[in-house]
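With chain F held as given, fit chain G onto it using these hints.
Number of protein chains: 2
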Amino acid sequence: FSLVQTYSILECFPDDIRLGPSKFTLKRYLYQNNREHVFHGRRINVFQGEKLVTYNTQTVFQKYISFSLKVSKEAKAMQHFGDSPFAMSAFPNETDPIGINTGMFIPTLEQQGTEEQKAKWLSLAYQEKIIGTYAQTELGHGTFLRGLETTATYDPKTKEFILNTPSLSATKFWPGGLGRTANHCVVVAQLYTQGKCHGIHIFMLQLRSLEDHSLLPGIENGVIGNKFGFGTNDNGYLKLNSVRIPRENMMMRYSKVLEDGTYIKPENTKVTYGVMVLVRSFIVRGAALHLAEACTIAIRYSAVRRQSELTPGGIEPQILDYQTQQYRLFPLLSTAYAFHFASTNMTETYERISKQIEAGRLDQLPQLHALAAGLKAFTTYAGSAGIEVCRICCGGHGYSHASGLPKIYVCEVPGCTYEGENTVMMLQVARYLMKCHRSKQQGKTLPGFVSYIGEPMEKNSRMDDKVSFTCIVKAYKHRAARLIEEAAKQMQSFIQSGSPAHEAWNKSSVQLFLAANAHCHLFCVQNFIDSIRNCKVDSNTSKVLNEVCQLYGVHGILENLGEFMQDNFLTGQHAEYLQKKMLTLFDVMRPNAVALVDAFDFPDHILQSCLGRYDGQVYQALYDYAKMAPMNQTEVHSTYYTHLKPLMSADSKL
Amino acid sequence: FSLVQTYSILECFPDDIRLGPSKFTLKRYLYQNNREHVFHGRRINVFQGEKLVTYNTQTVFQKYISFSLKVSKEAKAMQHFGDSPFAMSAFPNETDPIGINTGMFIPTLEQQGTEEQKAKWLSLAYQEKIIGTYAQTELGHGTFLRGLETTATYDPKTKEFILNTPSLSATKFWPGGLGRTANHCVVVAQLYTQGKCHGIHIFMLQLRSLEDHSLLPGIENGVIGNKFGFGTNDNGYLKLNSVRIPRENMMMRYSKVLEDGTYIKPENTKVTYGVMVLVRSFIVRGAALHLAEACTIAIRYSAVRRQSELTPGGIEPQILDYQTQQYRLFPLLSTAYAFHFASTNMTETYERISKQIEAGRLDQLPQLHALAAGLKAFTTYAGSAGIEVCRICCGGHGYSHASGLPKIYVCEVPGCTYEGENTVMMLQVARYLMKCHRSKQQGKTLPGFVSYIGEPMEKNSRMDDKVSFTCIVKAYKHRAARLIEEAAKQMQSFIQSGSPAHEAWNKSSVQLFLAANAHCHLFCVQNFIDSIRNCKVDSNTSKVLNEVCQLYGVHGILENLGEFMQDNFLTGQHAEYLQKKMLTLFDVMRPNAVALVDAFDFPDHILQSCLGRYDGQVYQALYDYAKMAPMNQTEVHSTYYTHLKPLMSADSKL
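Sequence lines, in order, name chains F and G.
Note that this note's numbering has the first sequence beginning at 783, numbered continuously upward.
Note that this note's numbering has the second sequence beginning at 783, numbered continuously upward.
This is chain F alone, in the form it adopts within the complex (with noise of 0.2 Å):
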């Protein structure tokens, strides 16, 4: 999925496509990891019908624990972790059992533990002699950390937090791995020393017991029962009674608990963010991932499938070929692509700002915070939306696993809620414009690419027929500053009217809301036409790339006019001009379509479905699918012999 790279799939020998920016093929990978393996553990999953849903029992969990274990291995190896090509050729759009182990407990370890903590623990979880979890969220709390209830309590006659559940909502509830496979995990917990409460802090808990995998005393868990997806993970459940751990086993970088209880504060708080930005990044990539899968399922499918008439009696057109077709897929393609370069843009920033952070300067962490936050958010809400609407644009044939749409959308779809739920980030980012817009009104210059708040600007846009780049982004621009402007008026007149400043806040939110959310767009827009800009590829390749771009900045435009158009900034005749151009881009987008989906570099194996296969071969997939259906293997299934021969020669009452 490497801009350098768009188009170069279609000279490439299809088994040996590269896979993102690793350079690392999959097909060296599969050879070198026992091919058998991964394509029999997807077999199981997809082209065994009935075997599909049998999820978390014994035989698709044994396969799963197993291989994922060796898959981690080989990712940590690689330096790849999350959506790494690894796990994406193992398990395609279904969830690693133990990647919370490799993804989160221990880069915890690794920048909250101290050099003994971490001497203790990390060999030991890399080597997978004890695998964790991390245990966060509970039934009762969840994006709101200050509100968890689960309390750890200094006891400095045996030098020993206590931890425990002190209420139903206080159990922890879905981390990932922690139902029957993680025998350690972090907790996070209120820590209470010396009769006060110190807020959350992260403690290391073991479980289950490295002998016999039993729990330990005071700890009750389980699963959590069966979800929408996620169907390969066991998220689990918590509750602590008194547990008695070393306080040793307080993760102790920065914050201390002393011997005497005596509690040390860390020198900034910030400095813990890091891996919550880290996770974001991964969750827009994510979701340029999962809509750019399901685009080219639907892209291509929709190039091999025919239906209806456009001359009366004539050959049954490709559904590509339709203008309502492009008009819902199109725009999700330039979607795709816009987020991919916003994901590419996070990564770099993210670690840009890291190495500034690491050397002690955090003036840039506030921008990286709502940046992370806000294309968390804004990417995954659009991805998930743009998901369905490729599985509905596949008509009912994306409604059978087969299409494979079903999966990549319960994939993506719970980045809208985890690691922080899209309003409440997105009000994180309104609350950061409200700062620099604060700031500029006090004179002070906004860094970077919050700039443009506050600038005086064109009252009218000067588009014409042609809607420059530099068109769309002015009105871009001046859509995000006259929200943030409303949003901060509206905040300042409520006060003034007598509001305390927390109900002014609640009163402004939607406003605030939509302020972020305008903001965000401008990011991707603006970020898109730099990227294209900036990318060393050949004139054609740059052509086509420049009307995809544009038709995101059009598109975007036109759903959410009414925005653009209030204060007279853009105009009917505007509109025109924009609704002409959106039609004019489909026409010229259509030859290039499925090049373009190809150009992700997505092999049929990691798409698992019957529509979107490279072959077009689509009819035959899906029979072939049916017929594998567990049901098929006898001609009379049992029900009829106990339940339908009765029934039907009962006599009627009727």
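The set of hints was computed from the structure by calculation and includes no laboratory data.
Keep in mind that this is a model prediction, so the values were computed, not measured.
Among the hints, a few may not be true.
[Said to hold, decoys possible] Pairs of lysine-lysine residues, derived as BS3-like cross-links and limited to a Cα-Cα distance of at most 30 Å, are as follows: (1) 911(G) - 978(G); (2) 1241(G) - 1241(F); (3) 1021(F) - 1409(G).
Below, chain G without anything else, positioned relative to chain F:
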């Protein structure tokens, strides 16, 4: 779900809740029909975690088959089909494996069969001596019926039709119950006689032996494999290899094939639209019900869930007090009410016009057909998207099957593609609107609801900060009329510049789609207002319904603001009035929100939701749900011994 009973639920004994217009109480039904059976059947699917996903396996399937047969008999006795209280109480948000038997197979016989045919098959069908399905959709064709490929060729020598599947893409695919349940079906096939094709006709086909359920010669059939939802239905495929059926098996009420092969055309081809329109009216009702269910769950949960702080250190508010939560949920609540009234109107219109059609008057058929197509598309789009918003509004817990929401979604969303793909439906509405527009231009008077098209209109809205119903309706009329006008002009301009009609149509289809959408939206707004004006409720209830209705109108304008502003009918000033009005309505509706969903009268065992419980004990319910998961029945899962332990104790190669 009856308006006259709004609020009455609060006075009801919770177990004796009225469902639907039948006034048939669920309690009585359960009492009469072995209550334990019903409840037990449901518990399996919801409270025993893992078994939820063992759809189509023997245990669950048997229960469904058995109970389904009982229910369908009862339902028939009470003249209830489709989403009846019976089906709902037996299978909330599941599909009945023989639902197509009662909902489509029998009605097709009733409407398309001759008296002899009805005498032969109907009583058998009524008694479930035969169980049928409706085999229309093929691998390669869905909504475009003329494209169906299955053939029925008349052989005058033997006086038989020979049924064939001439290609892979002609394989029948998707019919409900076809996989392993049905022993008969009606097949839609291209009729060939005397060397000529006469288009699609309907044929009765026996699939399986009535003795032993084995497949008859020339028939290949099975289930199509796993789907996003519809797990309780054995949707199937069917291939026919020169299967001979008697001439009398063609449904001959209208078209006929004589013994010598002479084809007799029906007097009017449109009389067969009846079943289609009826089924679409069920779909509209389903969208209203599903969205109402989702709103009930999300709003009740939002009144229980507390999160974050408004005042620093203060009590955590109910999340329903956050303006952003109201912004997402209250417009959906108003939509659920709007769709309820739209569905009621459609059913009444269907009944009125059906009588006229029976009496040979077909003039109102195009209007009915357009209404059915448009409302089907409009309500299923908005309904499914809205259900997901409700689910996401429940945060992480919404993703658990314990919330009940994933099932509501997967049950509703296929409505966007089955029984007429939504885009095609909208374009059918557009075709009707273009006809109306032409009639008007030719000086004719347009009937009933479409009479606003082509009427002279005010250029600017007179809306003030009160945002009256009159101004709301005028705005929606103006928007729809303008978009219809523009679509017509656009088509005209393509034709004038030399495009053939079909190309002009395709090149204008985005515009046509938007016009049809605006027309349907207007219908829902106008009908909501008319309905509450005409319904007999006390003044308090009336006031509350007026607020809900006003929010539906206001929010719809704001969501599509550009379309209302493009010709300056609404201005930035109007937008400000509307935004303020919306926020005011949120405040006004907040205290009534829970009562407004209680008024839908869904009992707990129909919602099947830990989050939407009437008693609000959500955390206890989530915990109980988790505890019951089969994986929790042993402390150490078997995969520990087979996989985790060996891998954990292996030497690491890193």
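**Q.** Hint numbers contradicted by this structure
**A.** 1
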